[in-house]
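Q: So the chains spell out like this:
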Amino acid sequence: MMPKRILGLILGIVILLIGSSRAVPARSELQLEMVTSPPVAEIVPDETLVQTQVRLVDGTGQPVRGAWVRLKVDTPPHPRLFNTDFPWVEGTTLVEIESWVEDGTLTWDMVYPIRGKYTFTAEVTYPDGRQARATRTLTVHENPAEVRNFVVLIGLLLTLGLVAGYWIGRGHRPALAGSTVGGLLLVFLLITGPVALAHGSGPTNTTQAQDVIHLQATSPEAHLDVEVSPGWGRVGMLNTVRVRVLDAAGQPQAATVQVVAWHLEDDHPVYTFRVNAPEGEATVRLQFFDGAPHELRVQATPAQGGPLDVRAPIEVEGLAPPTWLKLRVLALLLVPLVLGLAVGIQLGRRPVRSVLQPTTP
Amino acid sequence: MTVQHEHQHQSQTLTLTHHLFVQAAIVVVLVALVLWAVFFTNYPPVHDTFHELRHSLYIVPCH
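Going down the list, the sequences are from chains A and B.
Start counting the first sequence at 1; every next residue gets the next number (this note's numbering).
Start counting the second sequence at 1001; every next residue gets the next number (this note's numbering).
Simulated from the structure, these hints should not be mistaken for laboratory data.
Since we're looking at a predicted model, the values are computed, not measured.
You may find that some hints are simply not true.
[Claimed, not checked] Computed spacing ranges between beta-carbons, pair by pair:
| no. | chain 1 | residue 1 | chain 2 | residue 2 | range |
| --- | --- | --- | --- | --- | --- |
| 1 | B | Asp1048 | A | Leu327 | 15 to 25 angstroms |
| 2 | B | Leu1053 | A | Glu227 | 31 to 41 angstroms |
| 3 | A | Glu47 | B | His1019 | 44 to 54 angstroms |
| 4 | A | Gln131 | B | Val1034 | 48 to 58 angstroms |
| 5 | A | Pro322 | B | Val1028 | 15 to 25 angstroms |
| 6 | A | Val35 | B | Leu1053 | 31 to 41 angstroms |
| 7 | B | Leu1053 | A | Gly171 | 29 to 39 angstroms |
| 8 | A | Gln131 | B | Val1028 | 52 to 62 angstroms |
| 9 | A | Asp266 | B | Ala1025 | 35 to 45 angstroms |
Don't be surprised by glycine CBs; every beta carbon is placed ideally from N, CA and C.
I would like the entire structure built from these sequences, with the hints used as guidance.
A: Here it is as structure tokens:
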């Protein structure tokens, strides 16, 4: 009996220890609350510039005040069947922001490139060294117009299959010669080259682009130093923007920093970050998700002196989708055509009954 | 003899190409070629022409 009691006692102590260790998790005392403008339901991927605000709330329900925050936004993972129009963006990191948070909020503007569930991960480091981490997701729905267009395309392919199948089933054979010539002409279009600069210009040879771009601006009161690494973009890849603000004596000085990525072809911003830099340094990592020329615009407003601006063009390399993905989508698009053909052939092979045909009594 | 052989060969080819399944397969291949050319070719003039169309069709990947 005694060994059993001792064993039970030890077991109880172990359970108590495990339970108590779970009761004070150091990393769960942080919550993320998210507000978007416009509301999530109105966000159109690759179109709407969305003001996203993340509110950091501690375990007592109070906003996190006075702490370093590192926020990461990951794009939705690869869909199982129906991919998006930016396959290289799926399952990548879109944004990383490091900022000093004074009022418990982090606000920036961003275009969400694709539909799906985005993951926001925040790591907070308090001045006393404590750390906390929290994750939150946000689901962006597909553009209804894209869904409608896709349904129309499927309908067209189904109809085409039905008509062609019926035609074939009735014994009318399409002119093979014409079809063959048409096919050969289309094969010509299949010539593949080094892609895929969808917008006409871009770094066909990325070695020509600068590995790192250094930008500087100076006023009597302050000096702005910006480093963009790499100095060119590629869909799916993060670019790091490091900003340093110095005073006239060359010492770091507090500033607020705004980093804007401007889509030159569409002439609108795709990112606008506003970051507090109490020690004169700020870092933002962002992904140029569209293979088109952009311009990076950085403005720093130091504690002493007027704002300083720098700009730099960023060429972004577009990548063609992988061949296996193209083949999979092609196969999906051919499904309604084949179904239509099968039904059409069956309909065409049925004997046609004339309404004028006399019936035997 | 040679003329007769060629005639038989031509009629066999015609029979084959007039076969129902071959006709259906030709339709599928032709449509697949058109879809590939419009949606997936990297040939810049074609690719750029249909750029917006690809981005408006839900599952058609662009870049």
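Q: Indicate, hint by hint, whether the structure satisfies it.
A: Verification of the supplied hints:
no.: 1; hint: Asp1048/B x Leu327/A: 15 to 25 angstroms; verdict: 22 angstroms, holds
no.: 2; hint: Leu1053/B x Glu227/A: 31 to 41 angstroms; verdict: 39 angstroms, holds
no.: 3; hint: Glu47/A x His1019/B: 44 to 54 angstroms; verdict: 49 angstroms, holds
no.: 4; hint: Gln131/A x Val1034/B: 48 to 58 angstroms; verdict: 57 angstroms, holds
no.: 5; hint: Pro322/A x Val1028/B: 15 to 25 angstroms; verdict: 23 angstroms, holds
no.: 6; hint: Val35/A x Leu1053/B: 31 to 41 angstroms; verdict: 35 angstroms, holds
no.: 7; hint: Leu1053/B x Gly171/A: 29 to 39 angstroms; verdict: 36 angstroms, holds
no.: 8; hint: Gln131/A x Val1028/B: 52 to 62 angstroms; verdict: 58 angstroms, holds
no.: 9; hint: Asp266/A x Ala1025/B: 35 to 45 angstroms; verdict: 42 angstroms, holds
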